[in-house]
Amino acid sequence: MATNNVFGDMLRRLRVKYNKRLSDAAASINVSLVHVSDVERGKRNPFRSDQIGLLGIELGFSNSELRELKEAAMMVRGTVIESTRPAQAKAAYSLARMWDSLTDQQLNEIRRVVRDEESE
Amino acid sequence: MTENAEGRRRRASWVAAEFERVMVGSRSRGHGIQVPQRTKAEIEAVAAHFRKHLGFTPLEPIQGLRLFEQLNEVTIEVSGSVCGIQSGVIETTNNAEGETYFDEESHAFVAGLSSQTYLALERGSSDRHGRHALDTLGHEVGHVALHARELVEMQRIPHLRAALARNPGRYIPARDSEAQADYFSTCLIMPQAGLALMLQAGHQARDIADHFGVDPLAVSRRLTGRRELGTDGRHRPTSEI
Numbered sequence: 007m008a009t010n011n012v013f014g015d016m017l018r019r020l021r022v023k024y025n026k027r028l029s030d031a032a033a034s035i036n037v038s039l040v041h042v043s044d045v046e047r048g049k050r051n052p053f054r055s056d057q058i059g060l061l062g063i064e065l066g067f068s069n070s071e072l073r074e075l076k077e078a079a080m081m082v083r084g085t086v087i088e089s090t091r092p093a094q095a096k097a098a099y100s101l102a103r104m105w106d107s108l109t110d111q112q113l114n115e116i117r118r119v120v121r122d123e124e125s126e
Numbered sequence: 300m301t302e303n304a305e306g307r308r309r310r311a312s313w314v315a316a317e318f319e320r321v322m323v324g325s326r327s328r329g330h331g332i333q334v335p336q337r338t339k340a341e342i343e344a345v346a347a348h349f350r351k352h353l354g355f356t357p358l359e360p361i362q363g364l365r366l367f368e369q370l371n372e373v374t375i376e377v378s379g380s381v382c383g384i385q386s387g388v389i390e391t392t393n394n395a396e397g398e399t400y401f402d403e404e405s406h407a408f409v410a411g412l413s414s415q416t417y418l419a420l421e422r423g424s425s426d427r428h429g430r431h432a433l434d435t436l437g438h439e440v441g442h443v444a445l446h447a448r449e450l451v452e453m454q455r456i457p458h459l460r461a462a463l464a465r466n467p468g469r470y471i472p473a474r475d476s477e478a479q480a481d482y483f484s485t486c487l488i489m490p491q492a493g494l495a496l497m498l499q500a501g502h503q504a505r506d507i508a509d510h511f512g513v514d515p516l517a518v519s520r521r522l523t524g525r526r527e528l529g530t531d532g533r534h535r536p537t538s539e540i
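For the record, the sequence lines run as chains A and B. Using our numbering, read the first sequence as starting at 7 and increasing by one per residue. Using our numbering, read the second sequence as starting at 300 and increasing by one per residue.
No wet-lab data here; the hints were simulated from the structure. Note that the structure is a prediction, hence the values are computed from the model and not measured. Accuracy of the hints is not assured; some may be wrong.
Computed Cβ-Cβ distance ranges for the label pairs, DEER-style [stated by the list, open to error]:
{"id": "1", "chain 1": "A", "residue 1": "Leu113", "chain 2": "B", "residue 2": "Ala500", "range": "53 to 63 Å"}
{"id": "2", "chain 1": "B", "residue 1": "Gly423", "chain 2": "A", "residue 2": "Met104", "range": "28 to 38 Å"}
{"id": "3", "chain 1": "B", "residue 1": "Arg365", "chain 2": "A", "residue 2": "Asp106", "range": "51 to 61 Å"}
{"id": "4", "chain 1": "B", "residue 1": "Gln491", "chain 2": "A", "residue 2": "Ile63", "range": "45 to 55 Å"}
{"id": "5", "chain 1": "B", "residue 1": "Ala340", "chain 2": "A", "residue 2": "Met80", "range": "51 to 61 Å"}
{"id": "6", "chain 1": "A", "residue 1": "Tyr24", "chain 2": "B", "residue 2": "Ser425", "range": "15 to 25 Å"}
{"id": "7", "chain 1": "A", "residue 1": "Glu64", "chain 2": "B", "residue 2": "Gln503", "range": "14 to 24 Å"}
{"id": "8", "chain 1": "A", "residue 1": "Asn25", "chain 2": "B", "residue 2": "Leu358", "range": "51 to 61 Å"}
{"id": "9", "chain 1": "B", "residue 1": "His428", "chain 2": "A", "residue 2": "Ser107", "range": "45 to 55 Å"}
{"id": "10", "chain 1": "B", "residue 1": "Leu358", "chain 2": "A", "residue 2": "Ser107", "range": "45 to 55 Å"}
Here a beta-carbon is modelled for each residue, glycine too, at the ideal position from N, C-alpha and C.
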C-alpha cells in the first residue's frame with residue numbers, strides 16, 4: 007500500500023490546505039485519529055466513497071477535489087466497477103491494465119469520450 | 300511443553316520485553332540505547348540546521364501542529380539513501396507519548412505521537428499539556444535527526460542482538476539516545492541564536508518562556524544548563540522533571 011499512497015498523500019495535502027486537523031477529519035466520519043493517520047500514511051486502505059463524501063463536506067473540499075480524491079481511492083483499491091455486461095468489464099480491465107502507459111493525449115481522448123467536462 | 304521448550308519460551312519472552320523496554324524510543328521508560336557520543340554543540344548545530352530547513356527563523360516560536368505537518372516535507376539522507384519523514388498518530392508501545400521508527404516499506408522515518416499527545420499538541424502552547432506535547436514531538440524529531448542510522452539498523456538487527464546491545468553498567472549520559480533527543484528538543488524549541496537575541500534585548504526568563512511557548516522552568520534550565528548532557532550523572536526523562 008505504501009508504494010501507492012496517492013490517496014493518503016492527496017488527503018493530507020487537502021486537509022493541510024484547508025487548515026484542518028487530523029481530529030477534524032476523524033470526527034467527520036467517526037473514526038479514530040490513528041485510523042485517519044494510518045490512511046494518510048498509506049498503512050490502511052482508503053476510506054469508502056460515502057466516507058470520502060462526508061469528509062469532503064466537513065473539511066470544505068471543492069467538488070473537483072472531492073472527485074479527484076474518490077478517483078485516487080479507486081486507484082489505490084484497484085476498484086473496477088462491477089458490471090453485468092462483459093463488454094464493460096473487458097473495457098474496464100483493459101483500461102486498468104494499460105493505465106500506467108497511457109499518454110496524456112490518450113487520457114484526454116478517454117475523457118472526451120466519457121464527456122468529462124474538464125477534459126482539455 | 301518440555302522443560303527446554305519452556306525455558307526457550309521464557310527466554311524469548313524476556314528478550315522481547317527487554318527489547319521493548321530498551322530499544323523503543325519512548326521517553327517514559329528512562330534510558331535509551333547507547334549511540335555515538337554527541338557534544339552539546341553538535342546537537343545544537345543539528346537542531347539549528349533542522350529549524351532552518353523547516354523554515355523557522357531563530358526567533359520564531361514553533362507551533363506544534365505546523366511542525367507536525369511540515370515534517371512530511373522533509374527528507375533525510377542516510378548512508379547515501381534519501382528517506383522521507385512521516386509524522387503520524389500511532390498506537391505507541393506501552394502507551395508511550397511518542398515513538399520513532401524506520402518503516403522499511405515506505406522507506407521513511409515515522410515520528411509518531413499517541414492520540415493523547417496529538418490532542419494535547421492541538422491545544423497549543425497556552426496549555427501546559429500542549430507545551431509538553433511539543434517537547435515530545437521535538438524529542439521524536441530528535442531521534443530522526445540524530446539517530447537515523449541507528450533506527451535503520453535496528454530494523455535489521457535480530458531482537459536478541461539488539462536487546463543485548465545495552466550495557467547499563469557503563470552508562471554514559473552523552474551517549475544515551477533519549478538524553479540526546481531531549482536536548483535536541485530543547486535546542487529546536489529554544490534555539491541558542493534566538494535566546495541570545497532575546498537576552499540581548501533585555502528580556503527576562505518569563506518573557507522568553509511566553510515567546511517560545513515553553514514553561515519558565517524550561518527556560519531556566521536552558522539558561523543555567525541544568526538539562527545539559529551528562530552534568531548530573533544520570534539523565535531523567537522530561538516527564539519526571
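Right, here's what the structure says about each hint:
| no. | hint | verdict |
| --- | --- | --- |
| 1 | A/Leu113 - B/Ala500: 53 to 63 Å | holds (58 Å) |
| 2 | B/Gly423 - A/Met104: 28 to 38 Å | violated (50 Å) |
| 3 | B/Arg365 - A/Asp106: 51 to 61 Å | violated (36 Å) |
| 4 | B/Gln491 - A/Ile63: 45 to 55 Å | holds (47 Å) |
| 5 | B/Ala340 - A/Met80: 51 to 61 Å | holds (52 Å) |
| 6 | A/Tyr24 - B/Ser425: 15 to 25 Å | holds (23 Å) |
| 7 | A/Glu64 - B/Gln503: 14 to 24 Å | violated (44 Å) |
| 8 | A/Asn25 - B/Leu358: 51 to 61 Å | violated (24 Å) |
| 9 | B/His428 - A/Ser107: 45 to 55 Å | holds (52 Å) |
| 10 | B/Leu358 - A/Ser107: 45 to 55 Å | holds (52 Å) |
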